[in-house]
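Enquirer: Residue strings, one per chain:
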Amino acid sequence: MRPFEYARPSDLAQALAAAGPDTVFIAGGTTVVDLMRLDVLAPRRLVGLGDVAELRRTELDGDPVRLGAGVTMAEAAALPLVRERYPALAAAIDLAASAQIRNVATLGGNLLQKTRCPYFRDASSPCGRRRPGDACSALTGHLEQRAVLGASPHCVAPYPGDMAVALVALEASVEAATAAKVVTVQVADLFREPGDAPHKETVLGDGDIITAVLLPAPRGTSAFVKLRDRASFAFAAASAAVSLELDHDRVVAARIALGGVATRPWRSSEAESAVSGERLTPERAFAAGEAAFEAVARTHENRRGIALGARAVTAALLACRGG
Amino acid sequence: MKPESAVVSITVNGTPHRLEADTRRTLVDLLREDLGLTGTKIGCGQGTCGACTVHVDGVRVLACLLLAVTVEGGQVLTIEGLGTPDGGLHELQQAFIDRDALQCGFCTPGQIMSGLGCIGEGRANTAEEIRESMSGNLCRCAAYPGIVAAIADVAEGQGA
Amino acid sequence: MTGARTPPEGRLPRVDARDKVTGAAEYTYDHSEPGQLHAALVCATFARGVLRDIRTAAAEVVPGVRLILTHRDTRGAVGPGLALMDGGQFHTSFDPLAGPEVRYHGQMVALVVADTPEQAEQAAALVELTAEELPAQVDPYAADEADDIEVFALRRGDPAGAVTHADLVVEATYETAAQLHQPIEPYATNARWSGDRLTVWSPTQWVVGEKHGLAAALGVEPDQVRVISRHVGGAFGGKALTLWHTVYTAEAARRLRRPVRLGVRRGQMATLGSFRPASRHRVRLAARRDGTLLGYEHACRTQGSRSDVLPLGGTALSARLYRFGAVAVREHVVPTDVITPGFMRAPLEFPTSFALECAIDELAVAAGLDPVELRRLNEPEVDPVDLLPFSGRNLPACLDRGAELFGWSRRQAPVGSMADPRTGETLGWGVAAAYYPGYGGGPTFCRARLSGDGVVEIALAAQDPGTGLRTALAQLVVERLRADPRRVRISLGDSDLPLAPMAAGSCSSATAAAAVEDAADRLLRRLRDLARKHWPGQEPAPGQAVPDRHRIVTPGGTSIDFGEIARREDGQAVTVEGSWIPEGLTPGMVADARAGRFVQAHETTPTAYRASYGAHFAEVGVDRVTGRVRVRRMVGVFDVGRVLHAAMLKNQLRGGMLWGVGHALMEQLHVDKEHGRFMGVDLGSYHILTHADAPAVEVELVTPPGPHADPVGARGAGEIGVVGSSAAVANAVFHATGRRIRRLPIRAHDLVDQ
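Residue numbers (numbering that gives the first Met the number 0), protein chains in the order written: chain U, 0 to 322; chain C, 0 to 159; chain G, 0 to 753.
Hint data in this document are derived by calculation from the structure and do not stem from the laboratory.
Please read these numbers as outputs of a predicted model, since none were measured by experiment.
Every residue gets a Cβ at the ideal spot worked out from N, C-alpha and C, and that includes glycine.
Honestly, I wouldn't trust all of these hints.
Below, computed lysine to any residue pairings styled on SDA-like, alpha-carbon distance capped at 25 Å [said to hold, decoys possible]: (1) G:Lys672 with U:Leu138; (2) C:Lys1 with G:Gln35; (3) G:Lys672 with U:Asn301; (4) G:Lys672 with U:His141; (5) C:Lys1 with U:Ala41; (6) C:Lys1 with G:Leu125; (7) G:Lys672 with U:Arg43; (8) G:Lys672 with U:Ala41; (9) G:Lys532 with G:Gly415; (10) C:Lys1 with U:Arg43.
Which residues of chain U face chain G? A few of them, derived with a C-beta cut under 7 Å, are [as the list claims (entries may be wrong)]: (11) Pro117; (12) Ser231; (13) Thr280; (14) Leu307.
Listing some non-contacts, in silico: residues in chain U with all C-beta distances to chain C over 10 Å [what the hints assert, rightly or not]: (15) Leu11; (16) Gly28; (17) Thr29; (18) Arg55; (19) Arg84; (20) Ala98; (21) Pro125; (22) Asp188; (23) Asp205; (24) Ala252; (25) Ala290.
Let's have the full structure, built from the sequences with the hints guiding it.
Expert: Right under this line is the structure:
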């Protein structure tokens, strides 16, 4: 780790003013400290957001529901409102990381977590996401879990998180403060595909701070399914979040998002079309999973991602049906 | 004082401390190097094994992923802070012995601190619930069945 | 889930458990010395080549930096160190700082020492390497077979000929992935010089070997070196041998005249020590229609390095498992550009047994026989390789008892015919046999010292890296002397103590126990003699033959505390020595062991072949939609000879069985062939079992009467638990799904991919 100065602003205005070159904000720190120790992040200044009260502002009785970005994942998942009305979100948080990490990681920090691509995490490997202009090492190397959807010749690293996937299916937004104003961005629009600039991960500027997650009133039911090699404490090999409006067993409207298999939380209009207006049978749920990857050419490298991504969608749809 | 160091005020196992520390110093290194509390172990240094689990302000956290400066003013409880003042064991420590819930013992302090959190959070109602809630604590000896049994023993005793 | 708060199995609770649950137990990285400096390693960031430059300028100006050791500074000052296979104590003979040559990605190329760990880590990251890079081959299956090194071959009869008149032939290729030990305690070293005497704290399974290895590499006499390893946070074979970073930490301490501590980062561990190599197995079984085996052929290729040749095939052991009729096995090592692989829990047995025990299951399916029945049917009368009688073979008993505990008779044979209506999972039940050779161990000595306070201290240079050896020995002393457990101390993990072997080969507990039993018996005789001497009197009164705990009853009928006897002696203590020299070891071999060389008696004696046996039963549930495999429960029944302490043994056996679950479903070292390196070696990427993956495991021990390997009659339990466990899971997956996955690990996409 390189030496750095530490600042601890006491309000949002001070925090925004502290932004600058070689400066990194730190909330729970579970990503930032990890990457600093790997020499992947090497800020000269670290700005702690722990005392910024605005980031804790939560309004459960509004529409949308507002969860402060500085609320921890454990606190959010424990809210009865979240558990009852947004089951996909509760499940996505419950299945993320470990209890210890959920106790400190914040909602805002979780959304902005970095990819787990081992080349990104290895400071000695070229990586365009880490160093603009570098070639993608994973493209020629071994990345078992390469993004099947949204990849470019410059980056094939999957977005690792679970919560953002659920938020996309729930059509949630984030509120962010910039130096000039407060903006609201749909979570579905927050993340960029790598294209030829993989280092630009979100539509936010470097000095902006996510201040809240905004949840619209739920429509219908929702579910989140996470597939991985072991039963717990692992990133998703594939995940799917589904929010469904059902009329008995007929799908009136579907919002389906995938994780672990795409460069950003991925909303699949193909999967949604495959079930919309249809009876939600196992066959239909299976077809929806396949539809999400219809446009993807099968290769040896993406076989695992496609198989698990498709089945995650199927399982999440069936979970909405109640089994 | 150099700009890359800071004064940290922290209470550990009930004892207040005020230390000058490198801003890079993690909580686990502060506990071990500055305070000599080596019961908290470092297994990975990157939040993937749970061996460094301690409690900060009443919740279980990973001391390797927390910079000491960010714990300013915090109340920290480590494995050395369990048990009675006369050297008696905490009931979860005793349950680990009774269930032989360990082999090499390296992950054990973290398992116990995490187990306390698991019980305190009300997530020790069934073996399955304990297993999920404790999955942030790896045990390469795989003494898992004993650990789950020990936590269940204590949770049952407290619920009764 | 409720249970009485009594010590497990009515025996002593783990004697070091209190220190471990309070955090008081001192592991290497916990030790600190006044004035201690901190080290960090720089590892190669390219796969293979020659270092042209190591630029240290930026690192040197980091505040607090004291020393940067590279090959330029160390040539001639250190080494050589011999690998175990060459008669030494090192993991590999290749000294990574011997010169500019880099043989593998991640090779240690520099050691940085600074005042604080943060400074050392920062400086290490600033060291820049330039090199002339060369192509590297890390994929053993892409390597040219012409370079393979044959390390073993054995033939009995003509199994290829048997194929021509067999009714059934199973022929298949099986693979196991390269794997990492991943003990939760990382490698670490603490080194302190006092004048020309070196003390090293190191997590090792072999303090004696480490002492001699360090002495040789550092150019000092063995008696100038002391190695301390009181607690080891998991070893599993990965801490068996001396590693080069230990040498260089000691070298840095010598140059700086200050104690130096190194804590190795998790991500560096994979290329500083050994790993379980990838292996590929071609197996052919020939049998009659009724399941009688006629032939077994097994050819395996195991990944190796270019520095050392380490045979890890294991077919010499699998060839003795059944009455095969005819046998032909061959083993090759495939040199690749990696650090030398090495011993990892059942290094010979795990991969071989996976291949054979899956093939046996395939044969059972082909023959339409129950797989338990097929194994029973081919039970040999004598060892099929040397035609020697077995010393206590209880595989049928293990299979029968395991089947009973598991409820095997309720198994429905057709694939996919069992399900759990509650979870919707398809169920599969699988079985596999376990075996592990009964190595005889090495020469072992121990000291028993009774002091005036009545404490009996047993001391020997053995290790307890979680095996429970301390507890088993304490139990033995308590029983042998009728001692008070509170006044028994077991001192291990210090090379200054009497000679004892490496904790390896599942035989160190038995040999340590034999030596301790000898010492305990000698101590008891001495105490009786002393009681007679100091308390002369009449004949003992009737009914007083059984002494009270921690007491001796004199001929006069007086009951005297052990401590009271010691206090009558000069020096207030009674000391005796015990020893155990395994059968078949010559005086020359004992001398070799004293000189720090690895000496272990074979499993084959002139009159018998000895091994432990067991049986695994596994139930898996497979999610029909997602392909998720969950091991729901396991039963293991083992015969590991005389039981010294059942709870310690069962804990280890359960751990081994759970390792098999991890090996079956998730553990693999990913390889980047293009860049010639391992990828994802930390615990975030290399997945080991979590709590949530661990099923209920029932373990039972079958303890036979009959001949034993040694006076204690115990064989170890550290390794047999993982042998066959993965095969039982794979066979259960087949039973559930009809998919025969022959490559570990088995993962969900293998089961749902169309």
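Enquirer: Please name the hints from earlier in the document that this structure breaks, with their numbers sorted from lowest to highest.
Expert: Per hint list: 7, 8, 9, 13, 16, 17, 20 violated.
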